[in-house]
Every structure is written in C-alpha cells, then in structure tokens.
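Whenever a hint applies, use it, and build me the whole structure from the sequences.
Take the sequence shown: its letters are residues 1 to 279, numbered as in full-length UniProt numbering.
Note that these hints are calculated values from the structure, not bench results.
Errors might be hidden in some of the hints.
Stated by the list, open to error - 25 angstroms max Cα-Cα, derived DSS-like pairs, lysine-lysine:
#, residue 1, residue 2
1, Lys-107, Lys-152
2, Lys-229, Lys-131
3, Lys-106, Lys-178
4, Lys-131, Lys-157
5, Lys-277, Lys-109
6, Lys-43, Lys-13
7, Lys-148, Lys-107
8, Lys-277, Lys-251
9, Lys-107, Lys-26
10, Lys-255, Lys-221
11, Lys-192, Lys-163
12, Lys-225, Lys-166
13, Lys-178, Lys-43
14, Lys-109, Lys-149
15, Lys-26, Lys-12
16, Lys-157, Lys-129
17, Lys-277, Lys-102
18, Lys-153, Lys-109
19, Lys-102, Lys-262
20, Lys-145, Lys-109
21, Lys-221, Lys-277
22, Lys-102, Lys-233
23, Lys-107, Lys-163
24, Lys-163, Lys-109
25, Lys-149, Lys-163
26, Lys-106, Lys-163
27, Lys-54, Lys-13
28, Lys-221, Lys-251
29, Lys-102, Lys-129
30, Lys-178, Lys-255
Unchecked claim - Simulated restraints, written as ranges between beta carbons of each label pair:
#, residue 1, residue 2, range
31, Arg-58, Pro-90, 19 to 27 angstroms
32, Arg-58, Lys-145, 17 to 25 angstroms
33, Arg-265, Leu-16, 44 to 52 angstroms
The C-beta atom is built at its ideal place from N, Cα and C for all residues, glycine as well.
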Amino acid sequence: MLKKNTIFTVQKKSPLNIFETNILLKYVTRLSDVELIINNEKKLHKQEINILNKLIQRRILGEPIAYIIGKKEFYGLVLNITSDVLIPRPETELLVDLIVKKTFEKKIKLLEMGTGSGAIAIAIAIYSKNKIEIIATDISKFALKIAKKNAKKKLTKYNIPIKFIKSNWYNNLQNYKKLFNIIVANPPYIPKGDIHLNKGDLRFEPINALTDYSNGLSSIKEIVKNASKYLVKNGLLLIEHGYNQSNLVRKLLFKYGFSDIKSWRDLSGIERVTQGKIS
Numbered sequence: 001m002l003k004k005n006t007i008f009t010v011q012k013k014s015p016l017n018i019f020e021t022n023i024l025l026k027y028v029t030r031l032s033d034v035e036l037i038i039n040n041e042k043k044l045h046k047q048e049i050n051i052l053n054k055l056i057q058r059r060i061l062g063e064p065i066a067y068i069i070g071k072k073e074f075y076g077l078v079l080n081i082t083s084d085v086l087i088p089r090p091e092t093e094l095l096v097d098l099i100v101k102k103t104f105e106k107k108i109k110l111l112e113m114g115t116g117s118g119a120i121a122i123a124i125a126i127y128s129k130n131k132i133e134i135i136a137t138d139i140s141k142f143a144l145k146i147a148k149k150n151a152k153k154k155l156t157k158y159n160i161p162i163k164f165i166k167s168n169w170y171n172n173l174q175n176y177k178k179l180f181n182i183i184v185a186n187p188p189y190i191p192k193g194d195i196h197l198n199k200g201d202l203r204f205e206p207i208n209a210l211t212d213y214s215n216g217l218s219s220i221k222e223i224v225k226n227a228s229k230y231l232v233k234n235g236l237l238l239i240e241h242g243y244n245q246s247n248l249v250r251k252l253l254f255k256y257g258f259s260d261i262k263s264w265r266d267l268s269g270i271e272r273v274t275q276g277k278i279s
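So this is what it looks like as structure tokens:
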C-alpha cells in the first residue's frame, strides 16, 4: 500500500498503470492533467493517501474505473455512471456518429430503447444536425434515474428535452405507434453462458444490460420484429450488436420487411452497427 508520498512517487509506486493511476489521482486531488504535472512534487495529505489506497484496492479487485469515480466520458461528454447502468463503450460512439450525420428536411422524432445512462440519447440530442425530439426508454427505474440526471446536467442549456419512459422494449409505448423517424438501440447481445460475463469489468456491470439470457439475439429480434409498428414510412432502425452477429441481424431485418440494409465497422474493423429502412 502507498504511504506518505508526493504525486510523482505515487505515480511510480502505484500497482496500476499510469493512465489509471492518474485518473484516481485527479479524482482524489481534484487536479487536472496539467496540474498533476506542474505539482508532481506536491505531498498528498494522509487522508488523500488513505482514500487513494482504497480506490486502488477496488481497481485491483477488478472494479471498473468508471464505477470507482462515478464518471465516464462518451462522445466528448462526461456522464455520471453507477453500477446500475452499463458503462458506455467507445465502439458505441459509431451508433451516435451515424445518426448525427444524417440530415432531414423537417423535425424528426427518435426513440432510443434501453437508454441506460442516457449516453446515446444525450449525445444525439446535442450533436444532431436536425431539429429533434427524443424519447428514451429503459426497464430499470434506477437506470432512468441516472439518465434523467445526466440529461438535466447536459441538456438544460440546449433546451432539448428528452422524455424518459419506463418500458420493457415496446410494452409501454402503445401510444407512440407510427411516430418515429429513427429507432436506435444497443440491447443486451451477449449469449447466456458466455465466459466473458464472468471476467474483467463485465463482472461488475448489470447483467440484464449485457445478456438476454438466451442466444444473444432474442432482444434484437424483439426490437426488429415490432419496429415497423412504431416507425413512419422510410423510418430507420439502427442496432448495435456483437462482433459475430451482423449477418444474423441483417437476415432478421430482411425477414421483417426492412430494405436498404447495411452494416458499419467500428474502429477495430468489426461490423458493429446494422441499419434497415422500413417502407
């Protein structure tokens, strides 16, 4: 464990890598990256050392940094995060990219299903080129609490409200049929029994946001199967999926009446998002 130290010696002696060590140092000291460099000979108080040791131990045991400090950056936005929500992934930024770059002549309506922390909906609201109205759903009241907090913090100055609804996919959306220009979702797509569920950061994340307790496609199928009831003519459905699911998702979209079906690769070269248009 770390004892009385300067910032510099903490960085050298920490059992974590320098990136994670600096994140925890910034969290404990309230210093910026630049301030850590300028003040690297600054001695930490005993209380700061004690807190830092506890945080380091949590990380050694595998707890994700985002849960330890309660924050995660996504699409340039720093969001509040708790263990009630999935940690936003860099690869999910592709989903936002595809939507914010689209242009429409009129104001559009967008539905995000399974919003979690609200990361996708909030990023789209801020960066979309279009006038947009957003509804975001989640089955978890705890996730919705976090999403609402993030939306209030990030969207107030933009005057772009997001309506949050507690719903298990389409169950509580009966009054919103044939309304949306875009439906977007990052549903649980890890198959039941996948060994990764018991490894690394995933052990700490909400299991319901990771797996569908089936073959990894049941939630995706539910979303695709019923999307046409909620999309306007030429409406779009965009879904994030697993590294080996793109072909199966394309087949599902075709089966349920979608056209212009295409997939996009993330920065790792993996087909990560698939889109279809309903006629």
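Hints versus structure:
| no. | hint | in the structure |
| --- | --- | --- |
| 1 | Lys-107 x Lys-152 | holds, 22 angstroms |
| 2 | Lys-229 x Lys-131 | holds, 23 angstroms |
| 3 | Lys-106 x Lys-178 | holds, 16 angstroms |
| 4 | Lys-131 x Lys-157 | holds, 15 angstroms |
| 5 | Lys-277 x Lys-109 | holds, 15 angstroms |
| 6 | Lys-43 x Lys-13 | holds, 14 angstroms |
| 7 | Lys-148 x Lys-107 | holds, 23 angstroms |
| 8 | Lys-277 x Lys-251 | holds, 13 angstroms |
| 9 | Lys-107 x Lys-26 | violated, 41 angstroms |
| 10 | Lys-255 x Lys-221 | holds, 10 angstroms |
| 11 | Lys-192 x Lys-163 | violated, 32 angstroms |
| 12 | Lys-225 x Lys-166 | holds, 20 angstroms |
| 13 | Lys-178 x Lys-43 | violated, 61 angstroms |
| 14 | Lys-109 x Lys-149 | holds, 22 angstroms |
| 15 | Lys-26 x Lys-12 | holds, 15 angstroms |
| 16 | Lys-157 x Lys-129 | holds, 17 angstroms |
| 17 | Lys-277 x Lys-102 | holds, 14 angstroms |
| 18 | Lys-153 x Lys-109 | holds, 22 angstroms |
| 19 | Lys-102 x Lys-262 | holds, 15 angstroms |
| 20 | Lys-145 x Lys-109 | holds, 22 angstroms |
| 21 | Lys-221 x Lys-277 | holds, 16 angstroms |
| 22 | Lys-102 x Lys-233 | holds, 16 angstroms |
| 23 | Lys-107 x Lys-163 | holds, 16 angstroms |
| 24 | Lys-163 x Lys-109 | holds, 11 angstroms |
| 25 | Lys-149 x Lys-163 | holds, 12 angstroms |
| 26 | Lys-106 x Lys-163 | holds, 20 angstroms |
| 27 | Lys-54 x Lys-13 | holds, 15 angstroms |
| 28 | Lys-221 x Lys-251 | holds, 10 angstroms |
| 29 | Lys-102 x Lys-129 | holds, 7 angstroms |
| 30 | Lys-178 x Lys-255 | holds, 20 angstroms |
| 31 | Arg-58 x Pro-90: 19 to 27 angstroms | holds, 23 angstroms |
| 32 | Arg-58 x Lys-145: 17 to 25 angstroms | holds, 23 angstroms |
| 33 | Arg-265 x Leu-16: 44 to 52 angstroms | violated, 32 angstroms |
Checked against the numbered hints above, the structure violates hints 9, 11, 13 and 33; every other hint is satisfied.
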